[in-house]
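Colleague: The listed protein sequences correspond, in order, to chains A and B. Letter by letter, the first sequence follows residues -4 to 206 in the numbering used here. Letter by letter, the second sequence follows residues -4 to 206 in the numbering used here.
It should be emphasised that the hints constitute simulated quantities derived from the structure, not laboratory data. Just so it is clear, the structure is predicted and the values come from calculations on it, not from any experiment. Mixed in with the good hints there might be a few duds.
Since the list can't tell identical chains apart, any single copy or any two copies may satisfy a pair.
[Said to hold, decoys possible] Pairs of lysine-lysine residues, derived as DSBU-like cross-links and limited to a Cα-Cα distance of at most 30 Å, are as follows:
| id | residue 1 | residue 2 |
| --- | --- | --- |
| 1 | 98 | 42 |
| 2 | 98 | 66 |
| 3 | 56 | 132 |
| 4 | 42 | 132 |
| 5 | 56 | 66 |
| 6 | 98 | 56 |
| 7 | 98 | 132 |
| 8 | 56 | 42 |
| 9 | 42 | 66 |
2 protein chains.
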Amino acid sequence: MPSASSGPSAPRAREFRTPDASRRSERSRRAILDASMELVGEVGYNKLTIEAVAARAGVGKQTIYRWWPSKAAVLLDAFTTVVTNAEYEAGIPDTGDLEADLKQVLRATVDEFTDASFEAPYRALAVAGAADEELSKEFLERLMEPGMEVYTRRLRSAQEAGQIAEDIDIGLAVEMLLGPFQQRWLQRTGTLTHEFTDALVELVLRGLAPR
Amino acid sequence: MPSASSGPSAPRAREFRTPDASRRSERSRRAILDASMELVGEVGYNKLTIEAVAARAGVGKQTIYRWWPSKAAVLLDAFTTVVTNAEYEAGIPDTGDLEADLKQVLRATVDEFTDASFEAPYRALAVAGAADEELSKEFLERLMEPGMEVYTRRLRSAQEAGQIAEDIDIGLAVEMLLGPFQQRWLQRTGTLTHEFTDALVELVLRGLAPR
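Can you make the complete structure from the sequences, with help from the hints?
Modeller: Now the structure itself:
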């Protein structure tokens, strides 16, 4: 969910409103977030304007400025809503079979990153973050680090279960799982397929096993 | 060296010129490449103009257009000249100690990527490539793939020497070495230090060893 400081997300903070006004407000919020995702995928981050988001969402520009300080804030809320709900809260399944669990979640991530409606806006944001250190900090804190954290938790649980050697640096292991994926994606050094992520999981785990 | 199709690189193709004209031409070429590297680090890829490169290099705009079709072509030649000479031709040392050799070359790469005069223009080009699929292809072919190829060669030689298990996919192993580095760098998920690359080499090699 968007943080209270950057979006009108929490109905409980709006109890003074009538139910109808709250519903309208929530509808506008969703329309703005959806419009920002669509548009950034179409025109890129640099050319995205609050005016265009307002027009696409069918709201006034001031409505957006009342709730968010910048286009970056709108977009980060849009992604946080999508990604948080889909992935972070659930975490990675823990069936006890680490290899199967990692393969499953990485296959789902491949599907997500090969879906243009997700990929185009996410690339626009990642490109903007790579170019701009300030934006990058927010992008990291709100999207990438929580994303990496679910892998850290799953690998740590496997380490506690004795499936990963005690001396392994779990943070580094997560980077070995996600870095090659991110490089193929962002720098287009290879194709994102289930075969790739399956093989990656196997090779990474080979180095983590107790000796 | 720049390819013959995109730059006035090969003196042997210019034998009809007087020696003085060839020297002037080579001086202009170097000035243009240097200016393009400096400027892209200062203003980013999108705001880089041929006019500004010409002004900084002290040549006419038409001199640049005579030799290169676009600013991307100038920049790619600039990087290819710097990076090829420094790294690709030499390859990775092969002392027989794979771990030491990889650590040495990755430490040198950390030093390069923490040097602003290299990092800023390289980031500008990487960001532009992440945003633009066409540019990305050239960036990949002329810079990233040759860079990955030197690792492939070194790992393959270790595999032939029996230091890496026979069933290891060397291409994937290279991605496990370079992906985490590239992610820390481009997406700023961590600091590039010698300690990081040393630990990365150790953990990757742990998974590659014959069993």
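Colleague: Would you mind marking each hint as holding or not holding in the structure?
Modeller: Results for each hint:
no.	hint	in the structure
1	98 - 42	neither (37 Å within a copy, 42 Å between copies)
2	98 - 66	neither (35 Å within a copy, 42 Å between copies)
3	56 - 132	within (26 Å within a copy, 39 Å between copies)
4	42 - 132	both (21 Å within a copy, 23 Å between copies)
5	56 - 66	within (11 Å within a copy, 37 Å between copies)
6	98 - 56	neither (43 Å within a copy, 53 Å between copies)
7	98 - 132	both (29 Å within a copy, 29 Å between copies)
8	56 - 42	both (16 Å within a copy, 28 Å between copies)
9	42 - 66	both (11 Å within a copy, 21 Å between copies)
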